Amino acid sequence: MRSDIQHSLSRVSILDTTLRDGDQAAGFAFSADAKLKIGRALAAVGVDIIETGFPLSSPADLEACRLLALDLSASGFRGLTAVMCRGRRFDIQESAKVFKGEVPGLLHISLPVSKIHIEAKLGKTEAEVLDMAREAVSYAAGLCAKVELGAEDASRADRNFLADYCAAAIEAGASIVNIADTLGSFCPKEIHDLVSFLLEKTPAFRDGKAVLSVHCHNDLGLACANTLEAIEAGCGQVEVSVSGIGERAGNAALEEIAANLAARPEHYQVSTNLLVEKIPPLVSMAAEISGTSGSLMKPLSGWNVRAHGSGIHQQGLSRSTETYSPQAAIGFTMVPERIVLSRHSGRAGVDLFCRRYCGFELDEETISRVTAHIKSSHFFEEGSAGISEFLCLLADIHKLPGTYEGPLIVDSWSEHTGADNEGNIRAQFEASLKIYGSNKTVQKISGSGDTAISAAFGALCKLGTLELKTVSLNGAGNRVRLYAEILADSRIYSAEHSGSEPSLLLFRCGLDALNAETLRS
Numbered sequence: 001m002r003s004d005i006q007h008s009l010s011r012v013s014i015l016d017t018t019l020r021d022g023d024q025a026a027g028f029a030f031s032a033d034a035k036l037k038i039g040r041a042l043a044a045v046g047v048d049i050i051e052t053g054f055p056l057s058s059p060a061d062l063e064a065c066r067l068l069a070l071d072l073s074a075s076g077f078r079g080l081t082a083v084m085c086r087g088r089r090f091d092i093q094e095s096a097k098v099f100k101g102e103v104p105g106l107l108h109i110s111l112p113v114s115k116i117h118i119e120a121k122l123g124k125t126e127a128e129v130l131d132m133a134r135e136a137v138s139y140a141a142g143l144c145a146k147v148e149l150g151a152e153d154a155s156r157a158d159r160n161f162l163a164d165y166c167a168a169a170i171e172a173g174a175s176i177v178n179i180a181d182t183l184g185s186f187c188p189k190e191i192h193d194l195v196s197f198l199l200e201k202t203p204a205f206r207d208g209k210a211v212l213s214v215h216c217h218n219d220l221g222l223a224c225a226n227t228l229e230a231i232e233a234g235c236g237q238v239e240v241s242v243s244g245i246g247e248r249a250g251n252a253a254l255e256e257i258a259a260n261l262a263a264r265p266e267h268y269q270v271s272t273n274l275l276v277e278k279i280p281p282l283v284s285m286a287a288e289i290s291g292t293s294g295s296l297m298k299p300l301s302g303w304n305v306r307a308h309g310s311g312i313h314q315q316g317l318s319r320s321t322e323t324y325s326p327q328a329a330i331g332f333t334m335v336p337e338r339i340v341l342s343r344h345s346g347r348a349g350v351d352l353f354c355r356r357y358c359g360f361e362l363d364e365e366t367i368s369r370v371t372a373h374i375k376s377s378h379f380f381e382e383g384s385a386g387i388s389e390f391l392c393l394l395a396d397i398h399k400l401p402g403t404y405e406g407p408l409i410v411d412s413w414s415e416h417t418g419a420d421n422e423g424n425i426r427a428q429f430e431a432s433l434k435i436y437g438s439n440k441t442v443q444k445i446s447g448s449g450d451t452a453i454s455a456a457f458g459a460l461c462k463l464g465t466l467e468l469k470t471v472s473l474n475g476a477g478n479r480v481r482l483y484a485e486i487l488a489d490s491r492i493y494s495a496e497h498s499g500s501e502p503s504l505l506l507f508r509c510g511l512d513a514l515n516a517e518t519l520r521s
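Residue numbering for the sequence shown follows full-length UniProt numbering, beginning at 1 and increasing consecutively.
These aren't lab readings, by the way, just hints derived from the structure by calculation.
Certain hints may be false.
[What the hints assert, rightly or not] Computed beta-carbon distance windows for the label pairs:
1) 57 - 432: 46 to 56 Å
2) 478 - 76: 35 to 45 Å
3) 189 - 478: 39 to 49 Å
4) 267 - 200: 19 to 29 Å
5) 26 - 475: 15 to 25 Å
6) 209 - 319: 48 to 58 Å
[What the hints assert, rightly or not] Derived pair list, reagent style EDC-like, types lysine to aspartate or glutamate, alpha-carbon separation capped at 16 Å:
7) 201 - 164
8) 37 - 288
9) 440 - 411
What you are looking at is a predicted structure, and each value in this text was computed from that prediction instead of being measured.
Positions of the beta carbon are idealized from the N, C-alpha and C atoms, including for glycine.
Using the sequences provided together with the hints, build the complete structure.
Next up, the structure:
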């Protein structure tokens with residue numbers, strides 16, 4: 001999926017730090033197996049450098065970095081494997097052992113460059129830091145294929161000192177100098193000005209003898225914008241992570257940078273080696289491994305990014321998908337498009353919802369009646385309606401098609417935990433179902449599982465052949481939202497419900513899929 005225009009554009013290198021900065025995020029710590037899985041996926045995506053960890057942070061990380069370096073080399077990865085270390089000779093020597101044999105490696109050494117960091121952390125002067133940089137880089141250059149010298153807290157450093165730091169690093173043998181907005185305090189204009197200043201002051205960056213890199217944190221929500229601005233200013237490398245995971249508020253997200261560069265090549269005037277079609281599976285895998293789902297509205301990966309609840313938007317989409325569905329982002333999004341019925345919906349939304357999810361068309365009079373009901377402030381408990389609620393509304397006005405009796409709904413339900421025959425604690429979910437409008441229970445089902453949610457889905461599978469493709473929770477306390485994608489027959493249904501009991505919410509998502517399939521059969 002590389003654009004033809006990219007052949008004539010300058011290249012920007014992508015260093016992914018998911019396995020180092022992401023691994024350092026509070027509450028995160030990838031196992032060696034997880035690092036192997038994510039590392040292989042990053043290689044397949046086409047990143048140029050994979051930063052695998054901070055080897056001397058623990059024996060476990062040292063071994064994980066070593067194993068991943070060997071694995072990537074054996075698999076034919078054409079980029080570089082990188083590790084981060086402090087500027088001490090011992091740390092450099094021990095970290096370089098990750099790259100023993102034929103494994104091409106990059107040592108990423110980081111030193112503080114702002115006065116507050118230099119004085120508070122090191123108790124040294126700027127001149128002493130320059131000496132430390134020269135010594136560390138010259139020693140490391142003899143132990144690995146490439147050296148990157150990081151400038152920690154560069155956004156608060158004196159610019160002239162930072163230029164001297166870059167020059168000293170390159171003279172000592174560094175191939176890359178990375179400037180870090182460690183606190184995420186820069187705005188786009190500031191990082192553009194700093195990159196431009198360093199390019200002007202450092203001939204080696206301009207003639208290709210060395211690469212200027214940027215590493216932006218997201219504390220004020222500007223990591224992606226700042227990274228893109230640095231690219232526009234002419235930096236040669238950017239450091240990113242999958243979904244932006246990293247210290248505190250994280251980093252620039254790999255998928256967001258890739259989407260912007262691929263969507264607007266005529267604007268950014270750079271190319272990468274990234275294979276954009278492989279990025280969504282990588283993001284999904286990393287989220288599953290790390291146990292994170294992110295915001296509902298997180299660009300590209302949030303489950304609401306292709307959901308449309310406004311009547312104006314739904315009307316536009318009914319005529320052309322290009323009206324309110326950003327075409328440039330579709331190749332990167334991880335969720336299907338959804339039409340959501342709420343009090344903001346109009347006639348076009350009702351018509352589109354029925355045709356898309358229920359498989360039949362409503363006459364004009366029925367559309368008007370349904371729309372009026374939907375706009376009643378008391379109609380929805382959740383703020384929006386799922387397929388089952390929509391079918392219940394049609395049943396109320398006697399507009400269900402043909403011989404369809406009506407949707408299955410929950411009459412009563414319960415969940416509890418208990419020991420199975422082998423003494424293992426298992427969750428149990430039980431539900432009694434009835435057809436809407438009837439007082440008679442038509443079926444009782446139950447399921448068990450390691451969690452209440454898996455037990456609820458086990459019960460659902462007693463009703464039909466279903467496959468749970470994805471499930472995400474958002475919220476806390478008595479109000480959570482659950483989103484699920486469920487395969488029923490050959491169709492994937494995306495559904496969302498909110499309430500206090502996640503297991504019941506998933507069960508209702510499954511009933512949406514089953515009711516729609518029953519109606520279509």
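Verification of the supplied hints:
One distance hint, 46 to 56 Å for the beta-carbon pair residue 57 and residue 432, holds here, with the actual separation near 53 Å. A C-beta distance of roughly 52 Å is found between residue 478 and residue 76, which places it outside the suggested range of 35 to 45 Å. Separation of residue 189 from residue 478 is about 44 Å and conforms to the stated range, judged on CB atoms against 39 to 49 Å. At about 23 Å, the CB distance of residue 267 to residue 200 agrees with the hint of 19 to 29 Å.
Between residue 26 and residue 475, the C-beta spacing of about 21 Å keeps the proposed range 15 to 25 Å intact. Hint check: residue 209 to residue 319, Cβ distance near 55 Å, so the stated range 48 to 58 Å holds. The suggested pairing of residue 201 with residue 164 holds, with an alpha-carbon distance near 9 Å, which does not exceed 16 Å. With a C-alpha separation of about 12 Å, the suggested pairing of residue 37 with residue 288 holds against the 16 Å cut-off.
Taking the CA atoms of residue 440 and residue 411, the gap is near 9 Å; set against the 16 Å cutoff, the hint holds.
Checked against the numbered hints above, the structure breaks only hint 2 and satisfies the rest.
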